[in-house]
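**Q** Construct the entire structure; sequences and hints are all you get.
Just so you know, the protein sequences line up as chains E and R, in that order. Sequential numbering of the first sequence, starting at 1, is according to our numbering. Sequential numbering of the second sequence, starting at 1, is according to our numbering.
The hints are simulated quantities; they were obtained by calculation from the structure and are not laboratory data. There may be inaccurate statements among the hints.
Said to hold, decoys possible - Covered stretches of chain R, going by a simulated chain E footprint (3 or more residues, C-beta under 8 angstroms):
#, region
1, 341 to 353
2, 365 to 378
3, 668 to 679
4, 682 to 693
Every residue, glycine too, gets a C-beta built ideally from N, C-alpha and C.
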Amino acid sequence: MSWRATLAGTAVARRNPRLVATLWLFNLALALAGALPGWMTLSALMGPLPGADALGEAFRFGVLSDLSELQPGLVSGLGRAALATFGLGLVVALATTGGTLEVLTSADERSLAHRFGRGAGRFFLRFLRLGLITLLAAPLATGLAAAPLLALSRHLRRESGSEWLAVSVWVLAAAVAGLVLVFVLLVQDAARVLLVRDDERRVRRLLRPALGTVLRHPLKWLSVWSWNAVLLSVLFALYLALSSAVPPGKLLVVLVLLQQAFVLLRCGLRVALLGAEIELVAALRPRPPAPPAAAPPPQPEPELVEPPAEPEPGGGAPVGLG
Amino acid sequence: MRRLALLASLALAAPAAADPLPAHASRVADYDVRVKLDPDAKTLAGSEHVTWRNPATEPVGELWFHLYLNAFKNSESTFFKESGGQLRGDLMPDEGWGFIDVTSIRRKDGVDLAGGARFEQPDDGNAADRTVWRVPLPEPVPAGGTIELDVEFTAKLPRVFARTGYFRDYFLVGQWFPKLAVFEPAGARGRATSGWNCHQFHANSEFYADFGSYRVEITAPKSYVIGATGTRSERRDNPDSTSTHVFERDDVIDFAWAASPRFVEVTARFSGQQDVSEQEYAEVAALVGRSREEVQLTDVDIHLLLQPEHLAQRDRHLRAAKAAIKWFGLWYGRYPYPTLTIVDPAFGAGGSGGMEYPTFITAGTSVLLNRWPLDRVLAPEEVVVHEFGHQYWQSMVASNEFEESWLDEGFNSYSTGRVMDKVYGEWMIEAFGLRLGGLELSRLQNSVERMFDRIRTPAWGYSSGSNYGFNSYARTELTLLTLGALVGEETLARAMRTYHERFRFRHPTSDDFYAVVSEVAGRDLSGFFAQTTERPGILDDEVSSVRSEKVDEPQGFFGEGEGKKNVTGKEAHEKEKQADAASGRRWRTTVMVRRRGEVTLPTSLRLDYEGGETQTLPLVEQDRAGVENTGLSPGPASGEPWRGRFKKIELLSAKRLVSATVDPEDRLKLDVNAANNSRRAEPDTAAANRWGARLVFWLQQLLALSGL
Chain E
1 MSWRATLAGT
11 AVARRNPRLV
21 ATLWLFNLAL
31 ALAGALPGWM
41 TLSALMGPLP
51 GADALGEAFR
61 FGVLSDLSEL
71 QPGLVSGLGR
81 AALATFGLGL
91 VVALATTGGT
101 LEVLTSADER
111 SLAHRFGRGA
121 GRFFLRFLRL
131 GLITLLAAPL
141 ATGLAAAPLL
151 ALSRHLRRES
161 GSEWLAVSVW
171 VLAAAVAGLV
181 LVFVLLVQDA
191 ARVLLVRDDE
201 RRVRRLLRPA
211 LGTVLRHPLK
221 WLSVWSWNAV
231 LLSVLFALYL
241 ALSSAVPPGK
251 LLVVLVLLQQ
261 AFVLLRCGLR
271 VALLGAEIEL
281 VAALRPRPPA
291 PPAAAPPPQP
301 EPELVEPPAE
311 PEPGGGAPVG
321 LG
Chain R
1 MRRLALLASL
11 ALAAPAAADP
21 LPAHASRVAD
31 YDVRVKLDPD
41 AKTLAGSEHV
51 TWRNPATEPV
61 GELWFHLYLN
71 AFKNSESTFF
81 KESGGQLRGD
91 LMPDEGWGFI
101 DVTSIRRKDG
111 VDLAGGARFE
121 QPDDGNAADR
131 TVWRVPLPEP
141 VPAGGTIELD
151 VEFTAKLPRV
161 FARTGYFRDY
171 FLVGQWFPKL
181 AVFEPAGARG
191 RATSGWNCHQ
201 FHANSEFYAD
211 FGSYRVEITA
221 PKSYVIGATG
231 TRSERRDNPD
241 STSTHVFERD
251 DVIDFAWAAS
261 PRFVEVTARF
271 SGQQDVSEQE
281 YAEVAALVGR
291 SREEVQLTDV
301 DIHLLLQPEH
311 LAQRDRHLRA
321 AKAAIKWFGL
331 WYGRYPYPTL
341 TIVDPAFGAG
351 GSGGMEYPTF
361 ITAGTSVLLN
371 RWPLDRVLAP
381 EEVVVHEFGH
391 QYWQSMVASN
401 EFEESWLDEG
411 FNSYSTGRVM
421 DKVYGEWMIE
431 AFGLRLGGLE
441 LSRLQNSVER
451 MFDRIRTPAW
461 GYSSGSNYGF
471 NSYARTELTL
481 LTLGALVGEE
491 TLARAMRTYH
501 ERFRFRHPTS
511 DDFYAVVSEV
521 AGRDLSGFFA
531 QTTERPGILD
541 DEVSSVRSEK
551 VDEPQGFFGE
561 GEGKKNVTGK
571 EAHEKEKQAD
581 AASGRRWRTT
591 VMVRRRGEVT
601 LPTSLRLDYE
611 GGETQTLPLV
621 EQDRAGVENT
631 GLSPGPASGE
641 PWRGRFKKIE
651 LLSAKRLVSA
661 TVDPEDRLKL
671 DVNAANNSRR
681 AEPDTAAANR
691 WGARLVFWLQ
701 QLLALSGL
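**A** Shown next as structure tokens:
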């Protein structure tokens with residue numbers, strides 16, 4: 001079933017190239033907005049300094065540290081910009097996810113822009129409430145799951161004398177934390193799909209069914225996510241291989257094209273994942289059948305009036321003559 | 001006064017000549033020690049017979065001892081208070097205290113010396129500190145005379161976090177016995193009067209001791225593998241399931257040992273014949289100005305005590321050890337001992353790693369470095385080379401680590417960097433697309449930290465542990481690299497060789513090093529050291545502005561009387577156009593260089609013109625108020641004099657200037673900021689755009705994590 005859902009999701013992404021492009025544009029626009037101040041600062045700072053050229057070819061700690069000494073606040077400024085971009089991304093993603101789900105689930109024939117905008121606005125606040133719940137639940141769940149193992153790893157590091165054991169337990173702790181986080185995000189995705197499909201206004205009402213859907217079929221959900229993650233890793237490895245073939249300091253346009261091709265395909269994978277999740281929810285938690293149409297109220301039976309009896313021939317009391 | 005003495009020594013000194021390596025040290029303190037390890041109680045029960053020779057020309061009426069293990073006795077010790085219970089990031093474990101008690105101290109004839117003995121705190125007056133012990137003598141030891149003592153002691157080893165102690169069944173036993181301090185006669189190390197040099201054990205300090213011979217009998221359970229300073233001359237199995245191992249070594253300042261049943265012992269041999277080629281011998285002999293015979297190396301047996309899980313790194317450790325024996329020996333003088341023992345600390349006892357003792361060093365590594373991709377992180381190699389290097393700078397040239405830590409740590413950082421570059425190349429870390437070199441790491445500290453104290457500061461006198469680390473290690477390394485660039489690599493190589501040869505088995509000071517370098521370089525370099533090691537000055541030369549403009553044709557009235565001519569603007573512009581067409585117009589180039597720091601060293605300015613032409617101008621320092629000339633520049637006639645903080649260079653050129661670079665060959669490694677050493681006349685944003693594109697890409701990945 002999960003394989004079917006994955007294929008369905010991939011097909012959905014292929015059928016909606018303009019949706020994928022829309023997501024890529026949002027991503028690029030926000031990244032550019034976040035990068036622009038830092039980019040301009042770096043241009044002004046690095047432009048006159050041939051000694052900074054090495055930074056254009058590879059990441060050099062020494063050069064960056066020298067530049068940050070010439071421009072105090074450079075590195076912290078870049079950090080703040082990254083943080084702000086991430087925060088804005090979290091908010092904008094609420095809208096774009098709503099828009100994407102609406103496009104993928106609605107049956108009407110209106111334009112992409114209309115459907116996307118409708119979904120982005122309609123579900124924004126509900127997704128926001130759901131997101132806040134996730135923001136609280138994620139660290140709690142991962143902490144509860146990983147903390148005992150981390151404490152054990154710390155103890156083993158100090159007392160066991162076995163490096164392999166200490167390292168293994170630490171790796172296990174990280175894996176458990178990662179797995180729990182993935183499940184929390186999958187529950188969020190399931191809730192979002194249900195919310196859009198059923199147009200449910202009360203978010204908390206959907207948490208339980210979403211949780212149940214995911215936890216009752218963990219392997220199916222995990223395998224859908226894993227396929228997507230594997231494809232993403234392959235894409236990233238391909239990007240790294242191709243980008244490392246670009247000579248350092250040259251062919252900037254080629255590098256940028258490679259970067260954006262990767263981001264575009266990544267957006268496609270995001271749409272594919274949502275498509276797969278829609279398919280999975282439909283299979284695991286079918287939409288409840290529409291209630292039967294209410295029977296009309298019974299009409300009062302019309303009174304049957306017996307026709308007067310026909311007089312019997314030759315006999316009988318005369319009727320009315322006298 | 002010091003400058004006059006240096007100049008006098010220069011005048012009287014013969015030209016730099018090869019000094020023979022001393023065969024032996026003057027033995028001052030000999031130890032014959034017996035110790036038994038109780039691995040369950042983590043205790044030592046020991047006795048030592050000590051013979052001390054008075055090196056002074058006057059009688060000495062007391063003896064001072066180091067009882068280093070008492071630094072771990074309680075939270076009130078000076079070490080604990082200064083360190084906050086940590087060293088190099090390793091925390092003191094709970095209930096991991098240790099101590100040493102001298103239970104008896106008698107003269108050889110049985111006279112009890114304990115009665116008048118008391119603890120001293122010469123550095124900070126902390127009455128709770130018990131690391132310095134003063135023992136008055138009933139009769140003084142005459143000049144040149146000897147005294148023999150019998151000392152009984154017990155020790156509880158601390159749990160390892162600061163060099164010495166135990167962890168489960170692993171024991172690294174360093175600074176473990178009552179050790180005599182150094183008595184410095186008047187004149188030694190610049191002393192006006194003779195006296196004991198005996199400092200408390202501080203968080204940032206290491207050790208200082210006299211040369212002597214050691215014979216140590218170590219009794220431990222039979223299953224334990226023992227490694228120690230020196231050579232094992234005997235092993236006896238005892239009836240109580242213990243074994244006694246006897247180690248001996250002459251001409252050393254200390255003795256340390258390790259014991260564990262888990263050690264896997266690997267042996268190898270460095271061969272002076274096979275591991276060094278004739279070409280290498282010839283090249284080094286030429287470099288250091290010595291004969292082929294004088295640079296000949298001898299064989300060394302290497303004993304590597306590895307943890308079983310690190311066996312995959314066995315060859316890495318051995319290769320590093322051989323490389324260190326080879327290059328330190330070739331550059332500074334052959335390693336005189338027949339053995340080298342390397343200990344790989346147990347997991348959980350990392351605090352005992354990265355340490356040096358005579359002929360015995362501790363390394364340190366991780367299972368994560370066994371395989372790709374982290375096997376290209378050269379951490380174990382760096383540690384082995386560095387700790388071996390201390391055989392030269394600390395064990396043989398036995399400077400006072402308390403008072404002049406740069407003479408061993410900084411010199412060793414410099415030498416270690418040279419060996420690593422020679423054998424392994426530029427990169428110390430090469431993994432996941434990241435590259436980091438050892439020199440880059442040192443320069444990174446120089447730029448970012450900026451914690452400039454006087455390099456020649458007592459170890460406990462630095463304002464923080466980080467300051468101690470930076471100034472003693474990286475900044476000294478960069479200073480020596482800069483010195484080498486200025487006097488010439490060959491001159492510095494010969495100076496370092498001469499310094500080692502002259503002070504092997506002795507206790508030099510910073511002034512001794514300055515004098516040797518000046519002697520070998522043939523000029524007074526006290527000005528260089530005054531700026532770089534004696535003061536916390538910063539070197540930061542910068543090209544602060546660059547301008548290159550076309551020279552306009554003159555306009556206006558020229559000449560007098562009848563011959564007066566008027567050159568109109570139109571005529572001038574016409575001439576300029578013609579000159580442009582013929583590419584004959586000249587450029588007025590103005591470059592401003594600035595010293596942002598206090599250190600002034602001779603350098604040069606390279607001007608790069610359109611078409612690829614370059615022009616280099618030497619910039620020689622002139623005396624600024626309060627700043628000594630370094631003695632390095634040949635004189636103002638050979639270059640542009642640079643007086644003051646700014647220097648403006650104006651010249652006419654046929655081509656437009658593209659960029660100007662101060663110190664174009666990057667010789668002055670001490671410069672805290674290399675990025676401002678060059679400047680373009682016109683900005684070029686190609687590198688910034690490339691970085692900007694990367695920035696956008698990584699922000700896009702961050703946004704993908706947010707769900708977008």
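**Q** Starting from the hint list further up, note which numbers the structure goes against and sort them upward.
**A** Checked against the structure, no hint fails, so every one of them is satisfied.
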